[in-house]
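Those sequence lines, one after another, are chains P and F.
Residue numbering for the first sequence follows our numbering, starting at 1 and increasing by one per position.
Residue numbering for the second sequence follows our numbering, starting at 1 and increasing by one per position.
Treat the hints with care, as some may be off.
Stated by the list, open to error - Label pairs and their computed distance ranges (CB to CB):
1. P/R148 <-> F/A236: 35 to 43 Å
2. F/E97 <-> P/G164: 17 to 25 Å
3. F/E141 <-> P/A236: 53 to 61 Å
4. P/Q271 <-> F/A252: 27 to 35 Å
Claimed, not checked - Below, simulated DSSO-like cross-link-like pairs (lysine-lysine); rule was C-alpha separation at most 27 Å, straight line:
5. P/K177 <-> P/K201
6. F/K225 <-> F/K96
7. F/K177 <-> P/K62
8. F/K225 <-> P/K259
9. P/K138 <-> P/K96
10. F/K138 <-> P/K276
11. F/K183 <-> P/K276
12. F/K201 <-> P/K201
13. F/K225 <-> F/K201
14. F/K118 <-> F/K259
15. F/K62 <-> P/K177
16. F/K118 <-> F/K96
17. P/K226 <-> P/K75
18. F/K183 <-> F/K120
19. F/K225 <-> F/K30
20. P/K177 <-> F/K206
21. P/K118 <-> P/K185
22. P/K120 <-> P/K185
23. P/K177 <-> F/K177
24. P/K185 <-> P/K201
25. P/K118 <-> P/K75
26. F/K118 <-> P/K206
27. F/K259 <-> F/K206
28. P/K120 <-> P/K62
29. P/K177 <-> F/K259
30. F/K138 <-> F/K120
31. F/K276 <-> P/K62
32. F/K30 <-> F/K201
33. F/K62 <-> F/K206
34. P/K276 <-> P/K75
35. F/K225 <-> F/K259
36. F/K118 <-> F/K206
37. F/K184 <-> F/K118
Honestly, the hints are just simulated from the structure, not real lab data.
The beta carbon of each residue, even a glycine, is placed where N, CA and C say it ideally should be.
Number of protein chains: 2
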Amino acid sequence: MTDDRIPVSREGERPIGVFDSGVGGLTVVKELFGQLPGENIIYFGDTARVPYGIKSDRTVVKFSLQNSRFLAQFKIKLLIVACNTASAVGLDILRKEFPFPVLGVIEPGARAALRLAKNKRIGVIGTEATVSSRAYVKLIEGINPSARIFSQACSLFVPLVEEGWLEGEITAAVVRKYLSSLKKKSIDSLILGCTHYPLLKPLLQKEMEGIVLIDSAREVVAEAKKVLGDRGMLGAGNRTPYRRYYVSDMPARFVRVGKMFLGEDITPVEQVEIEKY
Amino acid sequence: MTDDRIPVSREGERPIGVFDSGVGGLTVVKELFGQLPGENIIYFGDTARVPYGIKSDRTVVKFSLQNSRFLAQFKIKLLIVACNTASAVGLDILRKEFPFPVLGVIEPGARAALRLAKNKRIGVIGTEATVSSRAYVKLIEGINPSARIFSQACSLFVPLVEEGWLEGEITAAVVRKYLSSLKKKSIDSLILGCTHYPLLKPLLQKEMEGIVLIDSAREVVAEAKKVLGDRGMLGAGNRTPYRRYYVSDMPARFVRVGKMFLGEDITPVEQVEIEKY
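Model the full structure from these sequences, guided by the hints.
In structure tokens form, the structure reads like this:
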């Protein structure tokens, strides 16, 4: 892997790097397509070591460093950590280690929730690991101690999304079951604290009528746009931006499930030995 | 980790070793409690590296060797590989490497299905990885080429079981959805090709009325009983058999979810660094 295939003539042409433990971070890539269509993108999905949520902090930090070193080779101008677990435990270390700005998905989502929730009653849904880490709770309470946060783990959402069951009676029933307790808490906004959840937005919004859904993927990309704009490093001039996808194991499933996330074919995808980095 | 805490006075007193990629292999332990209540048991659940199904054969073989070396320290008299993926790719290598008999979950299940299916029309359900490996299909067709095998991946069953939703409308609807195509194939028997699935037996049997459900955990323990009996190595004389559980990451979730599998508290559980083995 060398970067000689990638022309780097101006700062703006350098790619944005995105990594996730698997396929979920493609919701961030889709937001990049929408909000920053001129950007070159390098994505890494750690499909050989997914999921991160059940692993110890030390292991997640080690994996995050390897993923970032792999992406750094491409002379990325900004790194988005699209994995909630890695965002919760690894950002400080990555920021010390690398010269480029590093954004995670938790802080932008938390700030958006505080901005949009009138009565500061905020719901958070995520995987069991994200919810029990209390990452959103600690961050939001750190910014505004008067905020009230109500969390709910929704363990079946990821498998439902990966199975492609984005609508229909079964998924609607699962959504109803998980959200019933949050509905009673009079929350103003609900943070989708997992990169898979934006695919369930229609069902979630129907169940949580009148409540603002906070999509961390959208928020982190808005933040990336601001950071790059401030530094004069936007890639708007790239007429035919490239997108490259790398995974650590067997691309077949990534390509199939990922297509649902992106709404288009994922190509090119290449497998890499991430343990070497 | 040494074996000096474990008294070994006679062959029968040596423990049976069981490993799985996670918590699912506890269905095998439960069968051991039932069919071989006098046996000492050492269980290893590779909770830090779960799931195996999405990993390459080479990686799964490496993990299986490490897990077996860990268990071999306890002077086990027999090893049960309670993981479908490891059973499909690792048995031959483990049998060459270790002096004790090594049993997997696939072959006993396949043989039972052939024995019990009158018209040799056999259904197999499992994870996406197990189904796409075609391990059951190849083995059954190898034994009886006239058998017809119909497979169905049921990706949501494991998360449903781990969430504890063993009954109720949602799980019943998921079962109906996955099994609808198999119901039209006039199968005689249905292999539960995943160690989690025995917990869904009541719902599965209701949906597949009159069809024999083949529980691989039960079949592999019946095989273990035969192998040990033939060698005069049954542990029936152990008055107070010990059971010890080891995991590779954070025991909390293993203890909570595992209790549902065993129907009793799991104790003692200890965390080990499996990469060292």
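Checked hints:
Distance hint for P/R148 and F/A236: a CB-CB separation of about 59 Å, inconsistent with the stated range 35 to 43 Å. For F/E97 paired with P/G164, a C-beta distance near 40 Å fails the hint of 17 to 25 Å. The given range of 53 to 61 Å is respected by F/E141 and P/A236, whose C-beta atoms sit roughly 58 Å from each other. The supplied range of 27 to 35 Å is met by P/Q271 and F/A252, whose beta-carbon atoms lie about 33 Å from each other.
The straight-line distance between the Cα atoms of P/K177 and P/K201 is roughly 16 Å, inside the 27 Å bound, and the hint therefore holds. Taking the CA atoms of F/K225 and F/K96, the gap is about 22 Å. The hint holds against a cut of 27 Å. As the CA atoms of F/K177 and P/K62 are separated by approximately 41 Å, the hinted pair breaks the 27 Å bound. At roughly 48 Å between alpha-carbon atoms, F/K225 and P/K259 are farther apart than 27 Å, so this suggested pair is violated.
Between P/K138 and P/K96 the CA atoms are separated by roughly 22 Å; this keeps the pair inside 27 Å, and the hint holds. A distance of roughly 35 Å separates the Cα atoms of F/K138 and P/K276; the hinted pair therefore is violated under the 27 Å criterion. For the hint linking F/K183 to P/K276, the alpha-carbon distance of about 48 Å lies beyond 27 Å, and the restraint is violated. Taking the CA atoms of F/K201 and P/K201, the gap is near 33 Å; set against the 27 Å cutoff, the hint is violated.
Between F/K225 and F/K201, the direct Cα distance comes to roughly 23 Å. Compliance with the 27 Å bound is thereby established for this hinted pair. A threshold of 27 Å between alpha carbons decides the hint, and for F/K118 with F/K259 the separation of about 36 Å lies outside it, so the pair is violated. As the CA atoms of F/K62 and P/K177 are separated by approximately 41 Å, the hinted pair breaks the 27 Å bound. For the proposed pair F/K118 and F/K96, the alpha carbon gap of about 35 Å is over 27 Å, so the pair is violated.
The suggested pairing of P/K226 with P/K75 holds, with an alpha-carbon distance near 20 Å, which does not exceed 27 Å. Simply put, F/K183 and F/K120 have alpha-carbon atoms about 15 Å apart, close enough for the 27 Å limit, and the pair holds. About 14 Å separates the Cα atoms of F/K225 and F/K30, which keeps this hinted pair within 27 Å; it holds. A C-alpha spacing of about 24 Å is found between P/K177 and F/K206, which places the hinted pair at or below 27 Å, so the restraint holds.
Proximity of P/K118 to P/K185 is assessed by CA-CA distance (about 14 Å); at most 27 Å being required, the pair is judged to hold. Note on P/K120 and P/K185: the hinted pairing holds, with a Cα-Cα distance of about 12 Å set against a maximum of 27 Å. Of the pairs offered as hints, the one joining P/K177 and F/K177 holds, with about 19 Å between alpha carbons and a cut-off of 27 Å not exceeded. For the hint pairing P/K185 with P/K201, the CA-to-CA distance comes to about 20 Å; that is within 27 Å, so the pair holds.
Pair hint P/K118 plus P/K75 does not hold up; C-alpha atoms about 41 Å apart against a cutoff of 27 Å. Of the supplied pair hints, the one linking F/K118 and P/K206 is violated, its CA atoms being roughly 49 Å apart against a limit of 27 Å. At roughly 24 Å between alpha-carbon atoms, F/K259 and F/K206 fall within 27 Å of each other, so this suggested pair holds. Between the alpha carbons of P/K120 and P/K62 the distance comes to roughly 35 Å, so the proposed pair goes past 27 Å and is violated.
Proposed proximity of P/K177 and F/K259 is supported: the alpha carbons are some 23 Å apart, at most 27 Å. For a cut-off of 27 Å, the pair hint linking F/K138 to F/K120 stands: about 14 Å separates their Cα positions. This hinted pair checks out: F/K276 and P/K62 have alpha carbons roughly 17 Å apart, not beyond 27 Å. For the suggested pair F/K30 and F/K201, the alpha carbons sit about 15 Å apart, so the restraint of at most 27 Å is met.
A hinted pair counts as satisfied when its Cα atoms are at most 27 Å apart, and F/K62 with F/K206 does not qualify at roughly 40 Å. Proximity of P/K276 to P/K75 is assessed by CA-CA distance (about 18 Å); at most 27 Å being required, the pair is judged to hold. Of the supplied pair hints, the one linking F/K225 and F/K259 holds, its CA atoms being roughly 24 Å apart against a limit of 27 Å. For the suggested pair F/K118 and F/K206, the alpha carbons sit about 20 Å apart, so the restraint of at most 27 Å is met.
As the CA atoms of F/K184 and F/K118 are separated by approximately 17 Å, the hinted pair is consistent with the 27 Å bound.
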